[in-house]
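Peer 1: For reference, the chains in residue letters:
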Amino acid sequence: MNVTRRNFLKFSGITAGSVLLPAGMAASAEKIRGFPLHKPIKESATICPYCSCGCGLLIATGPDGHIINAEGDPDNPQNRGALDPKSISVRQLSQSPLRLKKPLYRAAGSDKFVEKDWNWMITEVAKRIKTTRDATFQKTNDKGVTVNRTPGYAFLGGAANNNEECYLASKLNRALGVVYLEHQARI
Amino acid sequence: MTNHWVDLKNADVVMINGSNAAENHPASMTWINKAKDERNAKVIVVDPRFTRSASQADLYVPIRSGTDIPFFGGMMKYLIDKDLYHKEYVLHYTNAATLLDPGFKGPADLDGLFSGFVDPDGDGFGVYDRGTWKYQADAQGNPLRDETLQNPNCVFQVLKRHYDRYTLEKVSRITGCPQDKLEAAYKMYGSTGAPDKTGTILYAMGQTQHTVGSQNVRALSMVQLLLGNVGRPGGGVNALRGESNVQGSTDQGVLAHLVTGYVGIPTAGNNPTLAAYIEKETPKTSYWANKPKFLISMLKAWWGDHATAANDFAYAYLPKVESPAHHYWISLFQDMYAGKIQGLWLMGQNPAVSGPNSRLEREALKKLKWMVCQELVDTETCSFWRAPGEKPVDIQTEVFILPAADAMEKAGSIVTSGRLIQWRPKVAEAPGEALPDDQILNLIALKLKELYAADAGPFPDPILHLNWNYGKTLDVEKVAREMNGYAVDDVKDPKGEILVKKGETLKGFAVLQDNGTTACGTWIYAGYFAPADDGTGTIMPATKRRGQKDPGGLGMYPFWAFAWPANRRIIYNRASADPSGKPWAEDKKLIWWDEAQKKWVGYDVPDFVATKAPTDPGGKDPFIMRVDGKGGLFAALNEGPFPEHYEPVETPVEKNPFSSRMHNPVVKVWKTDEGKNIGDNWGKRKDFPIVATTYRVVEHWQAGGMSRWLEWLTECQPEMFIEMSKELAREKGIQNGDQVKIRSARGEIQAVALVTARYKPFQVEGKTVHQIGMPWHFGWGGLAKGAIANDLTPHVGDGNTTIPEYKAFLVDVKKA
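Residue numbers (numbering that gives the first Met the number 0), protein chains in the order written: chain A, 0 to 186; chain B, 0 to 815.
Keep in mind the hints are simulated off the structure, nothing from the lab.
Just so you know, even glycine gets a beta-carbon here, dropped at the ideal spot from N, CA and C.
Check before you lean on any hint, since a few could be wrong.
Claimed, not checked - The following label-pair restraints were derived from C-beta to C-beta distances:
| no. | chain 1 | residue 1 | chain 2 | residue 2 | range |
| --- | --- | --- | --- | --- | --- |
| 1 | A | Trp117 | B | Asn269 | 25 to 31 Å |
| 2 | B | Asp122 | A | Lys138 | 33 to 39 Å |
| 3 | A | Trp119 | B | Ala509 | 46 to 52 Å |
| 4 | A | Lys138 | B | Lys548 | 52 to 58 Å |
| 5 | B | Thr131 | A | Trp117 | 39 to 45 Å |
| 6 | B | Glu710 | A | Lys138 | 50 to 56 Å |
| 7 | A | Trp117 | B | Pro550 | 46 to 52 Å |
| 8 | B | Pro717 | A | Trp119 | 36 to 42 Å |
| 9 | B | Gln547 | A | Trp119 | 48 to 54 Å |
| 10 | B | Ala337 | A | Trp117 | 33 to 39 Å |
| 11 | B | Thr131 | A | Lys138 | 54 to 60 Å |
| 12 | A | Trp117 | B | Gly130 | 56 to 62 Å |
| 13 | A | Lys138 | B | Pro550 | 34 to 40 Å |
Whenever a hint applies, use it, and build me the whole structure from the sequences.
Peer 2: Below you can see the structure in the form of structure tokens.
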């Protein structure tokens with residue numbers, strides 16, 4: 000039997016794990032069936048977050064839900080398993096100790112960030128948005144035409160976000176009357 | 000992209016202009032190499048620098064940055080002079096035969112301008128009155144045509160006269176490219192004018208980030224029309240989009256001039272009411288004739304039961320702008336710098352590094368009262384108030400950092416450059432308390448509703464009535480279904496037959512209504528979340544499909560995910576068949592007219608009324624989004640209907656050889672605080688003789704938030720550098736690895752010199768012109784640190800989109 004990596008996965012009856020094994024071991028699937036894995040590994044297919052090629056990624060995660068391996072998805076027609084150095088780095092992007100883990104607030108004139116809880120942050124952010132909207136809202140322009148717009152704050156961003164997030168950003172900000180609505184596509 | 004990544008394998012010639020695809024869109028090379036291996040395809044790379052893409056090319060054509068229009072203009076002249084254009088395609092599928100108003104005049108007659116230029120203050124910059132830029136029409140308003148293409152007023156003849164001035168000799172002198180290389184490129188790419196051949200043009204920011212960026216893209220699109228390469232496998236006009244989902248963010252209208260699906264934001268002047276919007280913004284022909292259905296279905300999605308026929312579907316809830324351009328990026332930062340903007344809310348963007356004249360843009364951030372950042376890491380923007388040299392005590396901006404989950408840590412869809420919408424499940428846990436951006440938006444929206452319910456403020460209705468029911472913990476699939484669209488009530492055809500039952504998910508945009516019975520957040524996405532077969536009989540939301548079937552073997556994969564619009568893999572694909580409906584070539588057979596079945600059939604979803612025969616009226620008009628259904632060899636942008644060469648605003652040449660008009664006459668050159676340390680300062684060639692451009696490398700990503708904080712990528716590419724030719728290094732006494740200072744009129748930065756043979760000096764108008772390049776990924780934060788390239792770039796943008804002129808500005812360099 001010609002054992003490819005994919006039918007080996009099916010044959011061996013484990014979801015993944017083999018992605019961490021030396022190549023030579025994959026050839027002897029029968030032996031591996033009883034091989035004690037140190038931890039159960041989950042494998043999921045997704046899409047790379049860097050350029051716009053939309054390459055397929057196979058992500059292996061441990062029981063804590065953290066990424067332990069990333070490799071190309073051979074079933075995805077965009078890349079058929081090939082990847083670049085950034086795509087592989089999604090593991091480090093998710094695991095980096097430099098990722099932001101808590102909401103942070105910097106007061107006017109302060110020289111530091113302080114940690115805050117989400118409730119406080121969301122309330123304070125919403126208050127700033129409301130205060131600025133209410134203070135700058137224009138019901139009509141100088142010709143008396145109804146314009147219902149908020150020139151007081153700007154929203155930027157979204158080219159690395161999911162469609163659904165961009166849609167929500169567009170919908171929410173337009174409902175608030177925002178006219179300075181821009182992102183990476185303009186530059 | 001009109002086409003898509005896998006389709007590159009069907010090309011006979013691949014021309015890459017202003018893109019380093021091998022480095023910045025690496026998967027493209029899989030398919031380009033397949034075309035080389037299996038079709039003996041040729042690759043041409045046109046670029047100021049011998050890039051990694053150029054190293055894979057059969058022909059490398061160096062041109063000075065900012066001279067793409069001469070390059071393409073010269074090509075159009077060559078194609079016409081040598082009779083290489085695709086005659087049948089040009090005659091039937093483009094507006095070549097259409098007669099123009101005899102009052103229309105172009106740069107050949109008017110020294111670099113088109114008829115109608117208005118320059119109120121005589122400074123050389125102004126706007127056009129487009130009164131003469133039009134077709135001749137009969138009494139019914141139908142455009143007049145001359146099928147012989149001989150009438151001096153037909154588009155073909157006017158175009159021919161326009162580019163007659165773009166001789167090989169002149170193009171060579173201004174681009175700095177030797178004539179033999181130009182001619183070799185023209186000949187090689189011209190081979191795709193044969194009816195059975197196709198060529199694809201790939202472009203990226205190297206085309207767009209110029210004051211003539213839109214006209215660069217127009218020029219390459221015209222080449223594609225002349226060669227009959229649009230709407231066909233292995234052809235197309237293919238923008239390699241710069242971010243993983245910049246296509247999708249644009250589709251959702253996160254831009255000042257749009258709402259969703261490329262429907263325009265209303266203006267106060269033209270569109271004060273829904274009736275005025277519909278009257279002014281709806282063409283009578285083309286698929287855009289359905290625009291009212293798209294807009295009203297979006298309003299129903301946004302305001303639900305509060306959007307009724309009686310209140311014009313809540314049209315008053317949408318903001319109306321005076322001019323969208325007042326709110327574009329550069330204007331936005333100018334207004335922020337002037338203290339007119341109190342707050343800034345960012346979702347995954349780092350303008351402290353990525354904005355043009357970034358010193359000025361960082362200064363603008365200091366004028367804010369508050370800033371909110373949804374971010375993965377502490378970027379330069381998050382911490383602009385403690386940048387090197389800043390005194391935090393003097394900066395009064397409150398900053399709120401909301402830790403965000405990354406793409407692996409949440410669910411949702413993204414779109415490839417090729418319009419393919421692929422679903423990403425959540426595959427990993429986010430660190431600490433980080434939340435997905437959609438959850439953050441949900442929490443803020445719900446809190447705002449609560450605050451407005453307690454204390455109304457001015458016109459609270461759009462917020463209180465906003466249709467926002469995704470759960471306390473947002474269910475992203477509910478959002479997806481709303482974007483896709485659903486029937487609010489039974490949807491009936493004119494005879495009263497039910498097309499879609501109340502509550503059902505819409506399968507496509509053809510059923511959208513303007514009477515409030517359909518809700519659809521983003522009309523071009525209709526169908527992406529509807530139940531669909533993956534080719535094996537398994538039904539799932541279309542975007543989640545992983546079907547491997549590829550009928551026809553062209554790499555269309557119609558059962559893999561979902562491509563907008565309507566799962567169509569190549570748009571304008573009527574043009575893949577000849578006027579009688581037969582494929583132009585057997586090996587590029589995509590769709591064709593089946594006389595027995597009386598319909599279009601094939602391997603892709605026809606971009607056409609499926610039962611419209613080639614002999615029917617309009618049966619030979621593939622460009623269904625255009626009013627006349629014809630490809631626009633003549634089509635108006637703000638600078639005119641044909642691309643004309645103008646120099647970048649900072650130029651190394653003394654004279655434009657095509658006219659006395661140096662610069663794009665419709666751009667806005669900002670002069671805020673000119674002469675000050677931080678301001679809109681402009682360099683002259685005597686002080687800044689070297690052309691500079693910014694670019695990207697494969698190891699880093701954009702402004703760095705997703706790469707400079709990672710050890711692996713830092714090890715690959717640890718710091719900022721400035722790439723220059725051996726000749727320039729010798730002239731300046733610089734060795735590879737030396738620290739150098741690079742200065743523009745707007746700032747000075749220091750970095751390592753990377754001396755390579757990849758840049759060569761150009762001979763431009765008899766003089767030597769050097770060009771240098773530098774990556775713009777770096778900043779003071781993260782692990783891979785370095786100077787910010789955009790401290791040098793200018794506040795001037797394209798005449799239509801205002802994308803900044805990052806790709807051609809003037810600098811000087813010296814050893815540090």
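Peer 1: Which of the numbered hints are not met once you compare them with the structure shown?
Peer 2: 1, 5, 11, 13
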